[in-house]
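Number of protein chains: 4
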Amino acid sequence: MESRKLYFEQGAGEPLPLVASSERRVRFEEVDVLGMVWHGRYPSYFEDGRIAFGDQYGLTYQRFMQEKTVAPVVQMHFDYKQPLRFDETFTITTALHWTEAARLNYSYKLVNSNDDLVASGYTVQLFTSPDGTMLLFTPEWLKEFYAKWKEGSWQE
Amino acid sequence: MESRKLYFEQGAGEPLPLVASSERRVRFEEVDVLGMVWHGRYPSYFEDGRIAFGDQYGLTYQRFMQEKTVAPVVQMHFDYKQPLRFDETFTITTALHWTEAARLNYSYKLVNSNDDLVASGYTVQLFTSPDGTMLLFTPEWLKEFYAKWKEGSWQE
Amino acid sequence: MESRKLYFEQGAGEPLPLVASSERRVRFEEVDVLGMVWHGRYPSYFEDGRIAFGDQYGLTYQRFMQEKTVAPVVQMHFDYKQPLRFDETFTITTALHWTEAARLNYSYKLVNSNDDLVASGYTVQLFTSPDGTMLLFTPEWLKEFYAKWKEGSWQE
Amino acid sequence: MESRKLYFEQGAGEPLPLVASSERRVRFEEVDVLGMVWHGRYPSYFEDGRIAFGDQYGLTYQRFMQEKTVAPVVQMHFDYKQPLRFDETFTITTALHWTEAARLNYSYKLVNSNDDLVASGYTVQLFTSPDGTMLLFTPEWLKEFYAKWKEGSWQE
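Protein chains in written order, with our numbering: chain A, 915 to 1070; chain B, 915 to 1070; chain C, 915 to 1070; chain D, 915 to 1070.
Be careful, since some hints might not be right.
Unchecked claim - In silico DSS-like links for lysine-lysine, alpha-carbon gap of 25 Å or less:
id, chain 1, residue 1, chain 2, residue 2
1, B, LYS982, A, LYS995
2, B, LYS982, B, LYS1062
3, D, LYS982, C, LYS995
4, C, LYS982, C, LYS1062
5, D, LYS1062, D, LYS982
6, A, LYS982, B, LYS995
7, D, LYS995, C, LYS982
Hint data in this document are derived by calculation from the structure and do not stem from the laboratory. Source: prediction; values computed, not measured.
Given the sequences, and given the hints that come with them, work out the whole structure.
Shown next as structure tokens:
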């Protein structure tokens, strides 16, 4: 929670973040000459986290395509705390943070098998139609998602 | 300059950033199903920028290896402004910002052939020895680099 | 079996190939503008297959490092039969083929969830010491592995 | 020529291959823990070769899209001769080989700055319409390209 707070404020009375968890194992091809995962591979780890989140909460790419909503990443940030090495298995915890604005605010935490924080970060996505026109308001189908969230339907 | 200021403060009396410029052309494999470069490819563009910078100012990987200095990226940030499309040629402007701390502060600007800002961002690198021990002070050989910078030797 | 035979001959009286199976799911970043996995991502799929094989039979990278044996890929081949699309899950079947020569002969088959052959191919690896010197004979520790294979110890 | 002959036969009386040349420099992110380019990066090098070829002879992706011709890679092959290391500059020589069949037969040679052969290989592409229907005949616009080739219009 702590590091997430650093990225997105939790407003009073706002629903808590929705959280999903997934695992990944470091590939040979992801490791650099020093035996550590090259810092530039981590967007793929965040992507995996977002996919796992989408699977769990129904926010899949397929749903976005079906609803003709595109959600380009407009900001991405990484804080690297410790190296990941070849063959290590690590856990990606992905959280969607409540916002009233027309955007998706995700934060990410990567934790290794010793329970050490490896990296954290966030992405911000805006909404456009398929032709690239910026949407100033959250699409209706996503508003319904947010409404359910507020009701607590996503609480396990 | 403007966007760079957003990332790193220019202290009064401090040397101006050192700047290098390089070109790259979007590869087929970098473009996603929407015809835009996937946001996760941009670390490679920043890396290219840093390499071009190193070539111009003598801060190459080879030099770091020879001096037994490792400089892991501990923070990386992207602001995406506009998509890049397949086959586009764009310019990466890489700036090293003055700091008294034991770190390397780079900022990056990607500009397309219409002179539109495509993306900007920054990286922060710390110093370690090859065994991973954090160096609390800037290595001597880099201090010399910084000294020359202050003297203005790098001004063209 | 059929397609594997195309790649490596099964000699009379020789042990049957050792086979391992693994699953992977197509990532967003692997798909091109046509919505199909870019052909150049498949080496990563073969690598995954080899890793799964190594896990099952004890031929891990860690073992190779420990034994100071390097096994560079000297030949790689792909036959693409059908596209893979975003989010598809597919199975990689990896087979190690018996050989008396100082090499590792792997073949691979990728099959989608409809049981269609998506792609097949092979890799050939030779052996070197860490300094790059070619080994003309199979290293002792691998000979033991081959001996067990011949005895049928790997048969499940 | 020699190694190319290994991949595609040069028929008597057939036009000689068309050849294009391009340069590339090994990126940090392409190098593995042994300091050598991971074998799975080479499809990107072949792709670069094909792009350079297309630029020189007008067989660009844009042209293919405009003509509604898709040319999926159905076969790809690599022979690795020598490692490439970080920061090395190498030359990619790409040759299109004459064929009467409905396909594109490219071969590739990668040569380092010492003029050593690093790797060679080939790709075979077939033709489909955008909906994936296989084209049994070479598209008209490409036949014109082949006709010019036969006339020697592409000879410099």
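Determine which of the earlier numbered hints do not hold for this structure and return their numbers in increasing order. none
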